[in-house]
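> Residue numbers (the UniProt record's numbering), protein chains in the order written: chain A, 1 to 285; chain B, 1 to 487; chain C, 1 to 315.
Because the hints were derived from the structure by calculation, they are not lab data. Errors might be hidden in some of the hints.
Anything over 10 Å on all C-beta distances counts as not near chain B; from chain C, calculated [claimed, not checked]:
(1) Y30
(2) L34
(3) D35
(4) D101
(5) R136
(6) T152
(7) K207
(8) D213
(9) T222
(10) S227
(11) N244
(12) K251
(13) K254
(14) D289
(15) I294
(16) N296
Here are the simulated lysine-lysine pairs, DSS-like style, with alpha carbons at most 30 Å apart [claimed, not checked]:
(17) C/K128 <-> B/K75
(18) A/K50 <-> B/K223
(19) B/K314 <-> A/K50
(20) C/K260 <-> C/K307
(21) B/K56 <-> C/K148
(22) B/K363 <-> A/K61
(23) C/K74 <-> B/K77
(24) A/K262 <-> B/K279
(25) B/K122 <-> A/K119
(26) B/K314 <-> A/K111
(27) A/K68 <-> C/K113
(28) A/K81 <-> B/K314
(29) C/K113 <-> B/K56
(30) A/K131 <-> B/K403
(31) C/K148 <-> B/K275
(32) C/K273 <-> B/K275
Here are the in silico distance ranges between beta carbons for each label pair [what the hints assert, rightly or not]:
(33) B/T487 <-> C/T258: 52 to 58 Å
(34) B/S132 <-> C/D263: 37 to 43 Å
(35) C/E140 <-> B/E92: 49 to 55 Å
(36) B/E53 <-> A/S69: 53 to 59 Å
(37) C/D124 <-> B/E92: 29 to 35 Å
(38) B/P127 <-> A/T161: 41 to 47 Å
(39) A/S69 <-> B/S409: 47 to 53 Å
(40) B/Y238 <-> A/Q282: 58 to 64 Å
All residues carry an ideal CB built from backbone N, CA and C; glycine is no exception.
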Amino acid sequence: MSLEYSITYKAENTYEESVLEAYWQFLIIPEENDSQQFISIDFNNSLNAKTEFSINGYGFKTIRVHPKSEFKHIAFEANFKLIKKEINPFDFEPEADVLKSFQKLQELDFKVDHNTFLKTTDYTRLPEESKNLFIFDTTQSIFENLQSLNNFIHHYIKFNTEATDVFTKLNELLNIRQGVCQDFTHLFCAFARLNGIPARYVSGYLHQDNGYFGDAQMHAWAEAYVPFVGWIGFDVTNDILAGTSHIKIADGKDYKDCSALKGVVYSTGNNETVHSVVVSSQSQQ
Amino acid sequence: MVNLENQIFSSYQRNPVLFDEIFDQEGQVKEVYSKLFELYGGHSISEYVNLNEKAKSSFFNQGITFQVYDKKKTKEKIFPFDLFPRIIPPEEWEIIESGCIQRSKALNLFLWDVYHDKNIIKEGIVPMDLISSSANYLDQMVNLDPPGGIYNHISGTDVIKHSDGQYYVLEDNIRCPSGVSYVICNRTALKRALFGVFDHYKTYSVTNYAENLLDLLETVKPKGVDVPNVVVITPGMYNSAFYEHSYLAKTMGVELVEGRDLFVENDFVYMKTIKGPQKVDVIYRRIDDAFIDPLEFNPDSALGVPGLFAAYKKGNVTLANAPGTGVADDKAIYTYMPEIIKYYLNEEPILNNVKTYHCSRPKELRYVLNNIKNLVIKPVDEAGGYGISIGNRLSDKEIEVVKAEILLSPRKYVAQPIMSLSVHPTYIDETESFEQRHVDLRVFTVLGKDKEFVLKGGLTRVALKRGNLIVNSSQGGGSKDTWVLKT
Amino acid sequence: MLARVANNLFWMGRYIERSEHIARYLRVNYFSSLDAPNQISQSRQFVLRSMLTLVGDPAADEEEELNETEVLYKIGLDPNYSSSILNNVRNSRENANSARDLISTELYESINKFYHFIANYDADVYTKNGLDDFTRNVTEMSAILRGKVRSTLMHDEIYAIIMMGANIERATQVMRIISSKYNDALKAQGSYGDKFKNSFEWTTLLKCTESYDMMRRHYKKTPTSISTLEFLILNPDCPRSIMNSLNQICKHIKILDTKKKHDRDSTSFLVGKVRAEYEFKSMVDIESDIQLIINNTLTHLYEISQKMEKEFFSY
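Next comes chain A alone, as it looks inside the complex (with noise of 0.2 Å):
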């Protein structure tokens, strides 16, 4: 069985004072991967200005609106339809022999493989004090360990969208204990990675209909690498795995390697950006 789902994402930029140029790159789009898989992409904005489909420098589809006269005020409005497979993320075949996997994790053509994820950045930086905060049990599995730490953390952070914002590294976030689906996926990152597990971050859009945690705009949630398994989705702000109800865009060693929107603008004075994120669904035979 499969989900259709429909997303609109709606962004409002608004300006003190007459904007003469400025790039946007969005990186909203679903990701097509094996359990995602599209039906229609639409994207408008309010000045009709140029708009352009390209990639990053991670390869993701972005979309470009480079205006070309001037303005104070901007909305965007994108809407996607896809498929969206069922997925059980328990579905897999864990290593029997947890001491081989743990070995593992220890070879160096696995650590050069996969360099880039388990690459301490400035949002993945556990202070000194906090790295006992959560011990690996060699005796359980690396899956199980993970599981671990996504209840861990989920219990350890408050969920609060008031507390933190998109600058707030984990030093900060550890001392006030309370944050967002970034927050909880950098922690969750910073953790595996100390632990020699690649980790990374993924931007996406969560279906809410289960009373799930987030709120009405992007989602982030990790995806760990497990030997001999493959990346498994950890949805850390709601204790989950992702599952059906995760809709993929892209992926990062943090959040600044998935921002959603990045822009260039040449102009003086305040500015006020309004985003929402609505998903719904329908089932599909």
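Following the hints, complete the assembly by docking chains B and C onto the known chain A.
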């Protein structure tokens, strides 16, 4: 003994410990310099002062200057130039040239490898943390095939002659090496001032750099382009190397653009001309990685072109040098150069490497801390001679500061024995006489697809302060015309 | 050619031309006033006010006593006054800098030397007794630059852009000088029976535009308001006349815009229209309202410049 009948050399003091380029151990003028020594000796001091002033004003009037800011207003200064040329005999040049080509090729293969299969790391020859913790390693470059397979199109290799008379490489500069325009200006200035001296030597011309550069850049054009449109991109006229950027564009006969002159549409790059947009195929860029595309890298960059990297990734434009080359001119990678050359080329290194200690390795760190007085401490990721500490010049207090810094971030530092750069007679304004000054040599190598070129000359940089070993122009260095003799 | 660089070359041409005219205006007015036939024309205050009017910065208070040293310094060498000769030359050099790869080495070196000459000129010497030397050097170096532009550049688009700038600026400056002297002539009339028509200021005006000798040869009479204005506005053979500049502008726009039939919205069309208007103007039209002609000409030149910017310098 130095032949003191020679007027302008009458007060020349030769320190026998240092390797003098023109006098041998006995104080005799070396064969290759004898004619030049005679010719320069024919001038009186006052004649020489006069010639020197003329050369200076030639630079000034041509606007080959850089700006210095003091409290009141900006001043324009010329890059100090010494009229006494340096000669490199053919047999020595042969070593330098083949050695620089060898290094550039090996570095190019190394870059391809670290951005693709990473075999050299998997085989344990170069440690992984050199790429995983290098700020210059760009994840965006992974599995991207640069047109023609070339990363470091332009390399500037800094070579010195040690007191043993052998050449050593100090640094490979493969981001945006500068200085090549001075090679040509120095030659022009020397010709204007002392044209007679050229009659007695057969010297290679240096004016063919631009045509060779253009020729090689055209070999790495994007697929499907017939005659590529090449441009040079500059941060703008307030950049200290702007003269060089405009010189290169002018002599290649191509446009000199700034970021705002370019735009990207449907992943192709165009420049804004008076007749509308014109497609650009090859960009010789003189702006750093972080600034080339604000949508991909530093978002605050006003120098770059939004969308440029996507166009590059799609193979629609060539960037020279490729983004991410900085990972290979990291000073920690330098220390692996002999292994890198052997691994990719199966050759012995032609040019020597200076022994280097990695502070990231506990054993070597201990050696560095115990022998700091005999070492040069260098930060691994700084260019332009910044952040260098020379052990025997430091006070005890300064040594403690340096030690503390190393201990705080050992990965950031490497150490090398204090190399004794050779010295060359250099005219010093203050004393109105020739004195020994340390020199190095920056060699310019250009790699194209199945083709390479080394400029037969290079920039001899002079540390103008007595005893100083740092020759960078940002640290008060000057330069000399450099003659490579024909066989 | 890059649009931005074309814009810089256009302004390089303008700034060189502007420096020259300001410098000559200072010199001619100052030295003519020393032995002028009437009291007002001889008044130093009158001359200083006239100088400030030319650079577009007239003294607000008619009663205020102007300080000669201050006024001369401001217009000549003040780095903080954007319209000073120093800043005009600096701007032309900056513009040349950005187009260094396009212009000849010879032209660049001359501009560079020009700038260093001005930048190193001793301000005290200049305001005490160097006015003649300073301004004469400025006008002569500008003439050298004009020669280098003509003889060391290909007569292609680059040349055409520079010439467009130089001629639009020349016409603008000549018109501003006419405007300034026209007002001076109005003010100076009445004393000692000096009439507007035969004012001493007309001679000064011709000297300010280096046209006195040409004019005398052409008319063989003492300049009057009518003959002077006719010569400087309508005579196509006078190299400083508005008509001559318009002809030059017209010639060079054709190098940039090679189309036979011009779009009504193009620079080329506007230039042609303005030129035709002057070609068929007679002295009778000018005499009736001199101030109107002055204002209209300046407006037309401004419009041409704006159109060029839109058509060639922006994308």
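> Decide, hint by hint, whether the structure agrees.
These are the hints, each one checked on the structure:
1. The Cβ of C/Y30 lies farther than 10 Å from every Cβ of chain B, with a closest approach of about 28 Å, so its non-interface assignment holds.
2. With a least CB separation of 35 Å from chain B, C/L34 remains clear of the 10 Å interface cut-off, as annotated.
3. Every CB of chain B is more than 10 Å from the CB of C/D35 (nearest about 39 Å), matching its label as outside the interface.
4. Against chain B, the non-interface label of C/D101 is violated: not every CB pair exceeds 10 Å, the least being about 4 Å.
5. At roughly 21 Å, the least C-beta separation between C/R136 and chain B is larger than 10 Å, which holds for a residue marked as non-interface.
6. With a cut of 10 Å on Cβ distances, C/T152 stays outside the contact zone with chain B, its closest approach being about 14 Å.
7. For C/K207, the condition that its CB be more than 10 Å from all CB atoms of chain B holds, with the nearest at approximately 33 Å.
8. Its beta-carbon lying about 34 Å from the closest one in chain B, C/D213 satisfies the requirement of being farther than 10 Å from that chain.
9. At the 10 Å boundary, the C-beta of C/T222 stays outside the reach of chain B, the nearest C-beta of that chain being 45 Å off.
10. Every CB of chain B lies more than 10 Å from the CB of C/S227, the least distance being 41 Å, so the non-interface label holds.
11. Every beta carbon of chain B lies more than 10 Å from that of C/N244, the smallest distance being close to 25 Å; the non-interface claim holds.
12. No beta-carbon of chain B is positioned within 10 Å of the beta-carbon of C/K251; the least distance is around 17 Å.
13. With a least beta-carbon separation of about 14 Å from chain B, C/K254 lies farther than 10 Å from that chain, consistent with its non-interface assignment.
14. Consistency note on C/D289: stated as away from chain B, and its beta-carbon is indeed over 10 Å from all of that chain's, at 38 Å minimum.
15. Even its closest Cβ contact with chain B, about 31 Å, leaves C/I294 beyond 10 Å, as expected for a residue assigned away from the interface.
16. The claim that C/N296 lies off the interface holds: its Cβ sits roughly 28 Å from the closest Cβ of chain B, which is beyond the 10 Å cut-off.
17. Under the criterion of a C-alpha separation no larger than 30 Å, the hint pairing C/K128 with B/K75 is consistent with the structure, at around 26 Å.
18. In summary, the hint linking A/K50 to B/K223 is supported, as the alpha carbons are separated by about 27 Å, within the 30 Å threshold.
19. Taking the CA atoms of B/K314 and A/K50, the gap is about 20 Å. The hint holds against a cut of 30 Å.
20. For the hint pairing C/K260 with C/K307, the CA-to-CA distance comes to about 19 Å; that is within 30 Å, so the pair holds.
21. Between B/K56 and C/K148, the direct Cα distance comes to roughly 24 Å. Compliance with the 30 Å bound is thereby established for this hinted pair.
22. Between the alpha carbons of B/K363 and A/K61 the distance comes to roughly 48 Å, so the proposed pair goes past 30 Å and is violated.
23. Of the pairs offered as hints, the one joining C/K74 and B/K77 holds, with about 27 Å between alpha carbons and a cut-off of 30 Å not exceeded.
24. At roughly 25 Å between alpha-carbon atoms, A/K262 and B/K279 fall within 30 Å of each other, so this suggested pair holds.
25. Between B/K122 and A/K119, the direct Cα distance comes to roughly 17 Å. Compliance with the 30 Å bound is thereby established for this hinted pair.
26. A threshold of 30 Å between alpha carbons decides the hint, and for B/K314 with A/K111 the separation of about 28 Å falls inside it, so the pair holds.
27. For the proposed pair A/K68 and C/K113, the alpha carbon gap of about 41 Å is over 30 Å, so the pair is violated.
28. Taking the CA atoms of A/K81 and B/K314, the gap is near 27 Å; set against the 30 Å cutoff, the hint holds.
29. At roughly 14 Å between alpha-carbon atoms, C/K113 and B/K56 fall within 30 Å of each other, so this suggested pair holds.
30. For the hint linking A/K131 to B/K403, the alpha-carbon distance of about 27 Å falls within 30 Å, and the restraint holds.
31. Under the criterion of a C-alpha separation no larger than 30 Å, the hint pairing C/K148 with B/K275 is consistent with the structure, at around 26 Å.
32. Distance restraint check for C/K273 and B/K275: the Cα-Cα separation of roughly 23 Å lies within the 30 Å cut-off, and the hinted pair is therefore satisfied.
33. For the hinted restraint 52 to 58 Å between B/T487 and C/T258, the CB-CB distance of approximately 54 Å keeps it satisfied.
34. The hinted range of 37 to 43 Å is not satisfied by B/S132 and C/D263, whose Cβ atoms lie roughly 59 Å apart.
35. The hinted window of 49 to 55 Å between C/E140 and B/E92 holds, with their beta carbons roughly 52 Å apart.
36. For the hinted restraint 53 to 59 Å between B/E53 and A/S69, the CB-CB distance of approximately 56 Å keeps it satisfied.
37. The hinted range of 29 to 35 Å is not satisfied by C/D124 and B/E92, whose Cβ atoms lie roughly 56 Å apart.
38. The hinted range of 41 to 47 Å is satisfied by B/P127 and A/T161, whose Cβ atoms lie roughly 43 Å apart.
39. Distance hint check for A/S69 and B/S409: the Cβ-Cβ separation is about 49 Å, which falls inside the suggested range of 47 to 53 Å.
40. Between B/Y238 and A/Q282 the beta carbon distance is about 59 Å. The supplied range of 58 to 64 Å therefore holds.
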